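Visitor: Residues per chain, in single letters:
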Amino acid sequence: MPEALGLHHFLLVGAALFCMGLYCVLTRRNAIGILMGVELVLNAANVNYIAFSRYGVGGVDGQVFSIFVIMLAAAEAAIGLAIVLGIYRRSGSIDVSQMTSLRG
Amino acid sequence: MVDPHHVADVAVHSSQLLRWIPFIPLLGAAVNFLLGTRIQSRAGRGGVAAVAIGSSLASFVLVVISFFSLLAFDEHSRLVIDTVAPWVHIGSLNVDIGFQFDPLSAVMTLVITGIGSLIHIYSYGYMDEEPAAWRFFALLNLFMFAMLTLVLGDSLLLMFVGWEGVGLCSWALIGFWHQDHVNTTAGNKAFIVNRIGDFGFLLGVFLLFWSLDSAGQASMVFRELPALVGGLDGMALWGVPVVTLITLFLFVGATGKSAQIPLFVWLPDAMAGPTPVSALIHAATMVTAGVYMIGRLSFLFAMAPATLEVVAIIAAATAFFAATIGIAQNDIKKVLAYSTVSQLGYMFIAMGVGAWAAGIFHLVTHAFFKACLFLGAGSVIHAMHHEQDMRKMGGLRHYMPRTFWTFLIAAVAIAGVPGTAGFFSKDEILWNAYLHSPALWVMGFLSAGITAFYMFRLVFMTFYGECRADEHIREHLHESSGWMTWPLIILAVGSLFAGFLGVPAALGGSNAFAHFLEPVVGHMEHSGHHSLALEYGLMAASVGIAGLGILLAWLIYVKKVFSAESLARIGGGWPHRVFLNKYYVDELYGATVLRGTMGLSTLFAWFDRTVVDGVVNGSASVTRIGATLSGAFDFRVVDGLVNFTADAIHAFGGVVRRVQTGSLNTYLYVIVVVVAAVLFAGTWN
Amino acid sequence: MDHILTYMTFIPLAGMAFILCMPGGATKAIRLTALGFTIPPLLMALWLFANFDRSTEAMQFMERAQWIPSFNIQYIMGVDGLSVTMILLTALLCPICILASWNIEKGVKGYFALFLLLDAGMTGVFCALDFFLFYIFWEVMLLPMYFLIGIWGGARREYAAIKFFLYTLAGSVLMMIAMLALYFYNEPHTFDMLVLMDNAGTYSRTFQTWTWLALFIGFAIKIPAFPFHTWLPDAHVEAPTAISVILAGVLLKMGTYGILRFCYPMLPLATQDMAFWALAALGTWNIVYGALCAMAQTDMKKLVAYSSISHMGYVMLGMATMTVQGINGAVLQMFNHGTITAMLFLLVGVIYDRAHHRRIDGFGGLASVMPVYTGIMVIAFFAAMGLPGLSAFISEVLVLLGAWQYSPGLAIVAASAVVLTAGYMLWMLQRVWLGPVNEEYASMPDVNAREILMLAPLAVIVIVLGVYPHAILDLINTSLTAINNTVLSAVPPVASLPLDVLP
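Residue numbers (the numbering used here), protein chains in the order written: chain A, 32 to 135; chain B, 29 to 713; chain C, -1 to 501.
With the rest of the complex left out, here is chain A (with noise of 0.2 Å):
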């Protein structure tokens, strides 16, 4: 069975991931959901990432690029939620399709 898991096993879970996580981007109408959408497409690149470090030509590039997309992500989230919460304080929903004022 190993010989069967080969890079492209990990390039399809990571497609999936991205997949999920564009469509929950994409159709969520609650801020919250499109983080957690966008912190599975990050996730997604992190599995390519380490997957092509460990199968790639690359060496341990991929895995400090990987931490690098965690720290990103982790600040993403903390700035992200900041804002959502600053929203929800103004306006008392978190739904973005309500977040219209900057309409030219």
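Don't take every hint at face value.
To give an idea of the chain C side of the interface with chain B (calculated C-beta under 10 Å), a few residues [what the hints assert, rightly or not]:
{"hint": "1", "residue": "Ile160"}
{"hint": "2", "residue": "Lys161"}
{"hint": "3", "residue": "Phe226"}
{"hint": "4", "residue": "His227"}
{"hint": "5", "residue": "Trp229"}
{"hint": "6", "residue": "Asp232"}
{"hint": "7", "residue": "Pro406"}
{"hint": "8", "residue": "Val416"}
{"hint": "9", "residue": "Trp431"}
{"hint": "10", "residue": "Leu432"}
{"hint": "11", "residue": "Pro467"}
{"hint": "12", "residue": "Thr479"}
Simulated DEER-style distance windows between Cβ atoms [stated by the list, open to error]:
{"hint": "13", "chain 1": "C", "residue 1": "Pro443", "chain 2": "B", "residue 2": "Arg66", "range": "17 to 23 Å"}
{"hint": "14", "chain 1": "C", "residue 1": "Lys26", "chain 2": "B", "residue 2": "Leu45", "range": "50 to 56 Å"}
{"hint": "15", "chain 1": "A", "residue 1": "Val88", "chain 2": "B", "residue 2": "Val687", "range": "38 to 44 Å"}
{"hint": "16", "chain 1": "C", "residue 1": "Leu18", "chain 2": "B", "residue 2": "Val112", "range": "49 to 55 Å"}
Worth flagging that the hints you see were computed from the coordinates, not collected in a lab.
Quantities reported herein were computed from a predicted structural model and do not represent experimental measurements.
Where a beta carbon is used, it is the ideal one built from N, C-alpha and C, also for glycine.
Chain A is already provided as a structure; the job is to place chains B and C on it using the hints.
Guide: Showing chains B and C alone in chain A's frame:
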């Protein structure tokens, strides 16, 4: 004439005791200012009075000690110096905080601390219902400090500290009952009129300093001056010999502080203060500062005969005119105030004819009897519940015998009855005045008669006849307490016997007083020889006219041979009106100097607001008009072009902005679609 | 204590940054922080006072660094007796002003931040020895002052603030022109004030005259000299108490400081030519004019403002005499006026805080209601009148003494102001503090501990300097004598430089 170098080469003694003479009253003042309210609430009025009286007496004891140690020195080395600390040393100006004690200072400090202590004690009795006694006693002590600095200071600048310091205390004490605007206005008047004098004094000091500087060495220190002023001979400014100019400026200061024409107007108003203050400041000590100053600088004044002439003429005029005003006053303190002005005139006559010692001698005797008179008047006023109008008094000798007798003795002394203090000192002055110019003597002689008249008018109106007070006051009439009467008695004794310090040679005396002062002030040797007979004759004449004055007062106010009212109507009543209204001098000053200054001030303020600020605001307006015009050009032409561009972009933007829906989902869809499209396009190629 | 001047200047700036980081609602903490950041400069100023070498006129505690080398602009700090006195005054008044601002409730954070910026600017002006640096600090002061008057001021604050701003800006422009003229006249071009002073002998008379006039007008606006003075009464009336104190206590001194720092040593010939009319005669006119205007005022602050104009006239007169006494008296008067007028404004502020108006006729009998306050007030008033034993006496006597030698006529006119000063001061005193108690204010509380804390040090200084003026005189004498000698010994340069572009 005076030898100008008489103190130049004396041996100088030094003593650290000296500084405590002024500093102890200063400490007393500080204690009462800072802690007075607390002391008074814990220990009562007695506590603050004890501090004040104690420090005053301590200072007196020090003065006495210093005086006797001074006597022990050789006659020509009687000078003690105490340099406390450097004060101002800039360029050629070198002044220390230093005190000097010589015969002249000794006389002055004895008077100030001696009589001052008595008045402190008296005040405890007089201010028996005063809630702010702490402030009163603190100010009295502060005054003692300033006055002692004035007479002990070893330089003109330090003297000026005392000079203005006494003015401050005088201001604060005249306006002591500050809830009444009459009092504070009198205080302000006193301070401002004094400031005019101080202005002259300062100019005199500056001129002296720079003249000495160009003569070789500048100095403001008294003990250095006599040796230096010789260099001023022949120097002139604006065509006037500088010595004359200096002394005239200084004399302006003296007319302010010592209430001479033309600056005497503040002193009668100053009677608004509590009576002990009038006795201490406005009779015995502060107002004599001008006399002291001339005595201190006698070597300088002796070099300026023209100034002395002015001094003598102004002094004689002051003595005479103030005496005539005194006749018509009905306020007991006002009479005494004009009497003080008149007596100060006597002292200045002496200074003007170069009889320095005689002037200082009269200063001393006057301090005794005038303090006694004021305190006696205070005793009366206190008993009469602060009634000062003599027309409402009368017959008081039955109610307050001690006050009456002491007052009578002092009145006798000021009238110059032979044997009393006033006799010796006044005749000394009159004699010297006669030697200088018989006209001066006539003025002094007439004033002596008028003085005797108005003093006994006061005595008779107050103490004789029927009591004219209302029922309520008469019931409460009483002799004052021992705190007040004992100082009176001591001062009365002084009024009787102080004259024996300076019995003239003509009466078989040795004039010890003049001899004591001689090392400081020197003495004028009169040219020519005058017979003893003339001196006796003049004495007899002045005694005669004094007797006449007393007799006249007795006839009018006791015997009522003439009625005072009919006398007031003489000459259509205008002489009486003129006397009563003090020659309308206040009105004159009010209409000229005061209104002039106020008018100028209003004019300048208007000028500042309207013209100067008007120009500023006007230039701002002009700038704004210019700005509006250039703005219009800018708006229509320059901006027109710019706006066109902006409008075009705006219109374009209006179309394009529709893309910005503001909806996050839309944006995301667009992103995904575009990315997908790009990727797809990339792969396809 | 290396770089002590830099620390003194920039510690308030650090304080400003600190306060900006604090939450705006923590008013008490902000006040305490502001106070805390003004204390170290005060301690350093005292250290300077103790360690300053009084025997040399050379600049001390010098710091020198390149700043913008391409224009030869340097960062030079240093003090002599003149500036160390002014720094002491500034460092002393700033904490006192913070205490006086305790009642500010509106925009506390902004107020104290701006105040500290002002503090930094003022200290910098007195420390800077590079003309460009000086100019920067000079302008740095302008901005916070504008806002402090314009936001925290009284009813007509915008008018007053704009007037102040425009006036001062006009002065700054002239000063900048003079600065650039000096920069380009020297070869190599430099803003280094010490070099500018050393080269004073090479400036032609014409050049000096024009530069002098430009500088003088710039400084005269600050003094303020007639007829450039009308911003002062308005600014004072509208400004909050503490800002009035700073305005009168420190900012006015910058005018006379500038003249002594720039005009005298750099342009000695022009100083000789101009001193009589521009300084002595104008100063005397200021004295009398200010006093007479003060007499007619009905607003307490306006009266004190005009009295400032009058008292600053003494400074101009004193320095113009170019005698040792006069010039020392002038700088001593700068310090004394700083403390006395600060007291006067603080005292007016105390009753303004309670009664919310300043009309002289609107009070009466306050002496009975507020005895402690009245006691301190009497000290300040009599100090302002130049009563012997208090500080201003020494400086006024020195100025008048110098003036007498310079011109007896001017001295007489100037000295006559002692009568006028006594007149308006006593009259105001009588109307506000004496007389029957005004029932409306019969229960006005006496000064509290904070107010005593801000007034007492000044009262002590006023008394101590009256008795021991050498505390300041020793500090300034050597430097001023040197400056004075520069002017007195100046002779026209032998050959005019070709750079002399002015006709």
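Visitor: Each hint should be assessed against the structure and marked as holding or not.
Guide: Now the hints, each set against the structure:
1. Ile160: Nearest chain B Cβ about 9 Å off; hint holds.
2. Lys161: Hint holds; Lys161 of chain C Cβ to chain B Cβ min 7 Å, cut 10 Å.
3. Phe226: Phe226 of chain C check passes; min Cβ-Cβ to chain B is 9 Å, inside 10 Å.
4. His227: Holds, about 8 Å.
5. Trp229: Holds, because the Cβ-Cβ distance from Trp229 of chain C to chain B comes to roughly 8 Å (cut-off 10 Å).
6. Asp232: 8 Å, holds
7. Pro406: 7 Å, holds
8. Val416: 6 Å, holds
9. Trp431: 8 Å, holds
10. Leu432: 4 Å, holds
11. Pro467: Hint on Pro467 of chain C: holds, closest Cβ of chain B at ~6 Å, below 10 Å.
12. Thr479: 8 Å, holds
13. C:Pro443 <-> B:Arg66: 17 to 23 Å: About 19 Å separates the Cβ atoms of Pro443 of chain C and Arg66 of chain B, which means 17 to 23 Å holds.
14. C:Lys26 <-> B:Leu45: 50 to 56 Å: 55 Å, holds
15. A:Val88 <-> B:Val687: 38 to 44 Å: At roughly 43 Å between Cβ atoms, Val687 of chain B and Val88 of chain A fall inside 38 to 44 Å, so the hint holds.
16. C:Leu18 <-> B:Val112: 49 to 55 Å: At roughly 52 Å between Cβ atoms, Val112 of chain B and Leu18 of chain C fall inside 49 to 55 Å, so the hint holds.
Hint violations for this structure: none, all hints satisfied.
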